[in-house]
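Colleague: Counting from 1 along the sequence shown, just add 392 to a position and that's the residue number in this note's numbering.
Think of the hints as simulated: they come from the structure by calculation, not from any bench. Incorrect hints may have been included.
Claimed, not checked - Cβ pair distances, simulated, as ranges: (1) L464 x L444: 15 to 23 angstroms; (2) A425 x P462: 39 to 47 angstroms; (3) L467 x I415: 17 to 25 angstroms; (4) L467 x V421: 15 to 23 angstroms; (5) A435 x Y408: 39 to 47 angstroms.
Just so it is clear, CB atoms sit at the ideal spot from N, CA and C, and this is done for glycine as well.
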Amino acid sequence: MKTPHARLGIEPMDRYEIFATWIFLAFGVLILAGLMAFSITSADKTAFLFTLAASCATFFLGAAVVLNQPKLYGLILLVTIVLVGCSITAIVT
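Sequences and hints are given; from them, build the entire structure.
Modeller: Here it is in C-alpha cells:
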C-alpha cells in the first residue's frame, strides 16, 4: 500500500532535512519576534506592519516545506527577507 505522499508523487524529506527546517524556522521566528517587540516598544507602526507581514509570510513557509515545493519556498523566503529589511530600514530611519 502506497503512502499518501507516494500517491501524489512527493518524496518525503529525511529527518535531517526536517530538523534543519525546524531550526531555521525557529530562529526566524525568534528574529521576527524580537523585531516585532522592538517595533512595539518604540511605537514604530511602519516597522511593526513590515514585521507582521514578514511573520505571515514565514507562516506559509511550513506549507511549502510540507508540499515539497522548493521554488515556492525560495520565493516566500525572498519576500520574508525583503520585508525584514524594510522593517529594519523603517526602524533605523
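Colleague: Now look at each hint and say whether the structure bears it out.
Modeller: Evaluation of the provided hints:
1. With their beta carbons about 21 angstroms apart, L464 and L444 fall inside the hinted range of 15 to 23 angstroms.
2. Separated by about 26 angstroms at the C-beta atoms, A425 and P462 break the suggested range of 39 to 47 angstroms.
3. For L467 and I415, the hinted distance range of 17 to 25 angstroms is satisfied, since their beta carbons lie about 21 angstroms from each other.
4. About 19 angstroms separates the C-beta atoms of L467 and V421, a value consistent with the hinted range of 15 to 23 angstroms.
5. The hint said 39 to 47 angstroms for the Cβ distance between A435 and Y408, and at roughly 43 angstroms that hint holds.
Of the numbered hints listed earlier, the single one contradicted by the structure is hint 2.
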